[in-house]
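Novice: Residue-level listing of the chains:
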Amino acid sequence: MLNYLALSAPKWLSDSPILHNRIDPDVLDYFLWPLTQIVVLLVVVLTLVAYLTLAERKVSAWIQARLGPNRVGPLGLLQPLADGLKLLIKEDLIPLNADKIVFAIAPIISLVAAFVALAVIPWGAAWGMISNIDIGLLFIFSVSSVGVLGIILGGWASNSKYSLLGALRSSAQMVSYEVAIGLALIGGLMFTKTLALQDMVLAQARLHIWIIVFQPLAFLIYLISGIAETNRAPFDLPEAESELVAGFHTEYSGFRFSLFFIAEYTNIVIVSAVGVTVFLGGWYLPGLSYIFEPGSALFVLSSIAVFAAKTLVLLYVFFWLRWSVPRYRYDQLMELGWKWLIPAALANILLTAILFVIAQQLGLIVSNGNFLEITKLGYVFLIGTAFIITIPITWIMLGQINQRSRDFNLYEAKPLPMNRKK
Amino acid sequence: MSETIDITRPEIDANEMILNMGPQHPATHGVLRVVLKLDGEIVTDLDCDIGYLHRGVEKICEHRTYPMIAPYFDRTDYIAAASNGLCYVETIEKALGLEIPLQAQYLRVILVELTRLSSHLLWLATHALDIGAVTVFLWAFKEREEILKIFENFFGARLTCHAFRIGGMSYDAYDGFEAEVKTFAKRFPSSLAEYETMLNSNRIWLSRTVGVGIISGEAAIDIGLTGPALRASGIEWDIRKAHPYECYSELDFDIPVGENGDTYDRYLVRMEEMRQALRIIVQALDKLPGGPVMAAKVSKVIKVPVGEYYHSVEAPKGELGVYLASDGGTQPARLRIRPPSLLNLQALRQMSIGHLYADVVAIIGSLDIVLGEIDR
Amino acid sequence: MPTEDNKAEDLTTNTSKSPSETPAKKLPRRPVGSMSIVEITSEPLVKSLQEKFGTAILEANEINSQKVLTVEKNKLYEILSYLRNEANPNFNMLTDLTAVHWPERTDKPFEIVYQIYALNEKYRLRIKVNLAEEETVKTVTGLWGAANWLEREVYDLFGVRFDEHPDLRRILLPNGWSGHPLRKEYPLVYKDNEWVEQNLQIRQLPLDGDFTGKFE
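Residue numbers (the numbering used here), protein chains in the order written: chain A, 1 to 422; chain B, 423 to 798; chain C, 799 to 1014.
Among these hints, one or two may not hold up.
[Claimed, not checked] Some residues of chain B that are not near chain C, with every Cβ distance over 12 Å (derived):
| no. | residue |
| --- | --- |
| 1 | 567 |
| 2 | 581 |
| 3 | 602 |
| 4 | 610 |
| 5 | 643 |
[Said to hold, decoys possible] With a straight-line cut-off of 25 Å between C-alpha atoms, the simulated SDA-like cross-links for lysine to any residue are:
| no. | chain 1 | residue 1 | chain 2 | residue 2 |
| --- | --- | --- | --- | --- |
| 6 | C | 865 | B | 750 |
| 7 | B | 516 | C | 831 |
| 8 | A | 161 | B | 452 |
| 9 | C | 982 | B | 674 |
| 10 | C | 936 | B | 640 |
| 11 | C | 989 | B | 478 |
| 12 | B | 516 | C | 920 |
| 13 | B | 481 | C | 906 |
| 14 | C | 989 | B | 453 |
| 15 | C | 920 | B | 658 |
| 16 | C | 920 | B | 674 |
| 17 | B | 564 | A | 56 |
| 18 | B | 725 | C | 926 |
| 19 | B | 564 | A | 61 |
| 20 | C | 926 | B | 751 |
These aren't lab readings, by the way, just hints derived from the structure by calculation.
Ideal Cβ positions, reconstructed from N, Cα and C, are used throughout, including at glycine.
Bound-form chain A, shown alone (with noise of 0.2 Å):
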């Protein structure tokens, strides 16, 4: 187990005939092997994010009724080529009294904030992470943080109205939403009892559990929450076409919008991973460590295909509610996260800890140092409360809380009267 924790260089790569003795351990562990790490994870990633441009516009095709990007390169797997080209090439323009400085540094901002996050999170066993900081989950939210500023500065630069007005709200929204993010999340972690990422991973192994079983509401604010964090559909009203045109990077184009595109898809990929991490038990996969030697580098490599596949998952999920819901307005969308989704997580956080406590008394969960055990009962106990007692409890809850809210009434069709009249 403890081999998974390792975050120095394989043994099979520092034992190897070119490397062995001929460097020095500590400079391949602490210096060579996270560069190489580095500069895979930042290619992969940028070519994750320009295929998602693709897989987002086949996705929204194909939901459509019509066929998407087909005529660059077969089924239009070049279209991402293209698309950069075409951005790298445009002409620079910045608006008549734009504050230079800071409208160039903005993108750039938003653009390190949503890399940074990158370097704790678990894309597979052992060496498949690039640092397992102990507050992984902690850092990660105050660097996303960081990235609203980017967005705060290019609204401003950009001496506009409407991208005043769109980096206004854009803000107000994603840091309403972080609150709902933060508190969702720590359902999950009075089962991992750590902020640490491949530690979270590991928790879920040992329990041979995918948290989303006990935290279902838990996962739900924090899938909706995830999406209102990186405004998107249904919350993206700040860039939305028919009112602001585009809010917040209406004034930039070319290279620069360029960079903003690629922090929003970049952090729409971390919220997933964590989403994945916390709550759908990361690389962990119930069969992997039978089929593979666990430490090996076959273990390693499939523990990244499973984490890529389960974060592919959620980020469908993402594309397919945007072209299947309207959009919130903005007050509605205000409403939305501090009158429900923060209640609901509170009460979650509650409640939680009530039936935990609840389970430790009956004998149920024991806690063992770091780790948590949980008998059979333990699981059946805690995945049916979390059903039955839970969700309905929250639910009732919000209807109180909200009862006077004009949104909460609002009636369904009913059929028309007609007239027949002759």
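Dock chains B and C against chain A, hints included.
Specialist: Here is chains B and C on its own, set in the frame of chain A:
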């Protein structure tokens, strides 16, 4: 500061902002400019600046002979071109006292109801697009393609299809017409059911449209609102039932009437109207009598006797009227088009004050305006 | 299904011979009649109006089975107000408000036409009033809100002003435009070049010649 928002209105407060939804904007359907006074995001005043598409159609028509005027009507409400053509030729026919053969009447009804379907589909597409449901936009356009193909086969043009002539129609239905329309009629209800599945019970759609842009029945009549928007406010009035023209009195159909006069009711009324239009088409197809399509006694040179006449039809947007004042010549002395969208747009101001900026977009969409008709 | 009857009058000219071969035929001038005009002084509505307003109702006809009343200008507002508020078919809807310019009537060339409609009784009525060149009428925006933009359009295209209108300014044409296009003396192919030049910066280009290098 725009000069069009201040003649008699008070000066703006320090808290208010004037925002211009300019003529080029993705959500104003055509070249419409709306100047809004916003307090934060709440609309406190609104003024519409129209006239960007003014082409002087009424003036031109005073210098054209009666048959030459008909194509100009297609270009006013370019989305529902056949309805406009129908209103015009009916006015001339009634002024002349002509009897239209039954086959022409039934064909006219079928084509006008197909036009109503096409216009409502475009309304659904753009309204849903403005509110964010992009998929419905593409699906509705897919259905509309079928209707436009039928028009192309019949008239040779998809959109501005100079459909009717004074005295009837210029040619009878083509050979595959009934079959094509029947195929379309068989497929359409399931598409309509798909749109309703996407939108009717969708919480987000309900949040965006219920209670937005309410106008009461009396206020609607007073401001001159007609068409589906009036019916959504609870007033049962449809020219096809109140003053039947063509052969509508022989066809059996219902008129949907709403209750609350908000955007959601206008949406429901139009969806139901699409169903009823399909019902009319299917009935009329079965009742096609055959026979001539042109009245017997239409002279080569059409001169309307001295006098005046006003005739209106139920266009998809509302009551489309034509007022003709004639001095006995081959060209009219005054041809006035009463555009439904102009009077519908006038109601925008009282519907939007007090709502948020995002709602204005939804309300404009639900009024279903077309600038070609407003500006002429 | 095309039958013989379908080949009705061909509304285009007969092109079997070239125009130069056949001399232009002079068609006999058929006298063009007028639509049927019937006086309707016996209708209950017209009777009650005549009782109340007497000679202000100049004519009450049914032209081609549509009811038309021509009234005097100074009682127009009272008549319309009576029809809106107290008359028996209650005319709650103003369908249309427009004007016609008859330049041959030299004393009162403008005719304002009000199409009003009683929704519940389905009764259409047309009220007309004749105005001289600079005469104005009182606005009916207080009676029907629909009149607001309709009167603005009449002002814009004809130049007839309405008293006490809340917001009388041009609606279809731009604000600085001079001239009222729907008057018969306004030429068909004409635009206010001064306005266009000032606001759109479009100069009148010369009609002949070569434009290379002349566009700045």
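Novice: Is it true that the CA of residue 989 of chain C sits at most 25 Å from the CA of residue 453 of chain B?
Specialist: holds (21 Å)
Novice: CA of residue 926 of chain C to CA of residue 751 of chain B, is that 25 Å or under?
Specialist: Satisfied, since the Cα-Cα distance of roughly 22 Å is no more than 25 Å.
Novice: Starting from residue 989 of chain C, check that the Cα of residue 478 of chain B is at most 25 Å away, please.
Specialist: At roughly 11 Å apart (the allowed maximum being 25 Å), residue 478 of chain B and residue 989 of chain C satisfy the hint.
Novice: Does residue 674 of chain B lie within 25 Å of residue 920 of chain C when you go C-alpha to C-alpha?
Specialist: Holds: residue 920 of chain C and residue 674 of chain B sit about 21 Å apart, inside 25 Å.
Novice: Can we trust that residue 643 of chain B is non-interface, i.e. its beta-carbon lies farther than 12 Å from all of chain C?
Specialist: violated (5 Å)
Novice: Between residue 564 of chain B and residue 56 of chain A, is the straight-line Cα distance small enough, at 25 Å or below?
Specialist: holds (21 Å)
Novice: Taking 25 Å as the top limit, are the C-alpha atoms of residue 564 of chain B and residue 61 of chain A close enough?
Specialist: This hinted pair holds, its Cα atoms lying about 13 Å apart.
Novice: Take the C-alpha atoms of residue 982 of chain C and residue 674 of chain B, compute the straight-line distance between them, and say whether it is at most 25 Å.
Specialist: Roughly 46 Å separates the two Cα atoms, so the pair is violated.
Novice: Taking only the CA atoms, is the gap from residue 936 of chain C to residue 640 of chain B under or equal to 25 Å?
Specialist: holds (23 Å)
Novice: For the pair supplied as a hint, residue 481 of chain B and residue 906 of chain C, is the alpha-carbon distance within the 25 Å limit?
Specialist: Holds - the C-alpha atoms of residue 906 of chain C and residue 481 of chain B are around 21 Å apart, at most 25 Å.
Novice: Given the proposed pairing of residue 865 of chain C with residue 750 of chain B, does the C-alpha separation stay at or below 25 Å?
Specialist: holds (20 Å)
Novice: Holds or violated: residue 516 of chain B with residue 920 of chain C, Cα cutoff 25 Å?
Specialist: holds (19 Å)
Checked against the numbered hints above, the structure violates hints 5, 9; every other hint is satisfied.
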